[in-house]
Amino acid sequence: DVKVTQSSRYLVKRTGEKVFLECVQDMDHENMFWYRQDPGLGLRLIYFSYDVKMKEKGDIPEGYSVSREKKERFSLILESASTNQTSMYLCASRGTGSYEQYFGPGTRLTVT
Amino acid sequence: RKEVEQDPGPFNVPEGATVAFNCTYSNSASQSFFWYRQDCRKEPKLLMSVYSSGNEDGRFTAQLNRASQYISLLIRDSKLSDSATYLCVVKGTYKYIFGTGTRLKVLA
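Chains D and P, in that order, give the protein sequences.
Just so you know, the first sequence maps onto residues 85 to 196 in this note's numbering.
Just so you know, the second sequence maps onto residues 4 to 111 in this note's numbering.
Looking at chain D on its own, in the form it has when it is part of the complex (with noise of 0.2 Å):
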């Protein structure tokens, strides 16, 4: 069955902390993907890579870097966190030649 985790259900940061989030993915898939999802505003891409060390910015990439140095584990970064990054962040990966994208179960992370 297909699976994609992320590290954390719920996190609690203070302003200025650096934060990691973590995903892994098992099923081989090149495609990884960061988004937040903000009610109004929907899903908005930060981050994707398509293969091992590659990425590329999505619609939003500030104040946000990613890292992927294995195929299974991308992990979104926020250098110092601030209250309008508190959001719910979702990762998702994708095989190529495939259309769908299975996510992970999301991080509520709150920024105080």
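Everything labelled a hint here was simulated from the structure, so no lab data went into it.
Incorrect hints may appear among the rest.
Restraint ranges, calculated between C-beta atoms of paired labels, are given here [as the list claims (entries may be wrong)]: (1) P:E18 - D:Y134: 37 to 45 Å; (2) P:A20 - D:R98: 18 to 26 Å; (3) D:D135 - P:K48: 38 to 46 Å; (4) P:A70 - D:S91: 41 to 49 Å; (5) P:K48 - D:V136: 23 to 31 Å; (6) D:S92 - P:S55: 21 to 29 Å; (7) D:Y94 - P:S55: 39 to 47 Å; (8) P:T96 - D:S92: 31 to 39 Å; (9) D:S151 - P:K45: 24 to 32 Å.
Per the computed footprint, the stretches of chain D lying under chain P, defined by three or more beta-carbons under 8 Å from a beta-carbon of chain P, are [to be verified]: (10) 118-127; (11) 178-185; (12) 188-195.
We put the beta carbon where it would ideally sit given N, CA and C, even for glycine.
Dock chain P against the given chain D, drawing on the hints supplied.
Positioned in the frame of chain D, the structure of chain P alone reads:
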């Protein structure tokens, strides 16, 4: 104008009713179209892809109108378990653009 627009709802319908949602998109070069379902506090999951010729999966029918740039989802014989938010998704060259979702509540 948003790239993908949906009526947020909620659509409150009785069990057994037929309900339809529309979604409009702005980029005529969009390549692929999908409906995802998202339950409360859960991740989105693919419900169905949308093909030019229209496609059906049980009680669900999806249609694409490229000329008018909209896609639709029809749900027949609504069940309580259909209560969820339905996300319209449009794929361009490399990225997926999600609508904000239409909330459906099926009432007993």
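Going through the hints against the structure:
1. At roughly 44 Å, the beta-carbon separation of E18 (chain P) and Y134 (chain D) lies within the given 37 to 45 Å, and the hint holds.
2. The hinted range of 18 to 26 Å is not satisfied by A20 (chain P) and R98 (chain D), whose Cβ atoms lie roughly 48 Å apart.
3. Distance hint for D135 (chain D) and K48 (chain P): a CB-CB separation of about 25 Å, inconsistent with the stated range 38 to 46 Å.
4. Under the hint 41 to 49 Å, the C-beta atoms of A70 (chain P) and S91 (chain D), about 45 Å apart, fit the expected range.
5. Distance hint for K48 (chain P) and V136 (chain D): a CB-CB separation of about 26 Å, consistent with the stated range 23 to 31 Å.
6. Against the hinted window of 21 to 29 Å, the Cβ-Cβ separation of S92 (chain D) and S55 (chain P) comes to about 41 Å, which falls outside the hint.
7. As the Cβ distance of Y94 (chain D) to S55 (chain P) is approximately 42 Å, the hint placing it in 39 to 47 Å holds.
8. Taking the beta carbon of each, T96 (chain P) and S92 (chain D) are about 33 Å apart, inside 31 to 39 Å as hinted.
9. For S151 (chain D) paired with K45 (chain P), a C-beta distance near 27 Å keeps the hint of 24 to 32 Å intact.
10. By the rule of at least three residues with a Cβ nearer than 8 Å to a Cβ of chain P, the coverage given for the region 118-127 of chain D holds, with 5 such residues.
11. Taking a C-beta to C-beta cut-off of 8 Å, the region 178-185 of chain D contributes 3 residues in contact with chain P, enough for the three needed, and the coverage statement holds.
12. Counting residues of the region 188-195 of chain D whose C-beta sits closer than 8 Å to any C-beta of chain P gives 3, which meets the bar of three, so the coverage hint holds.
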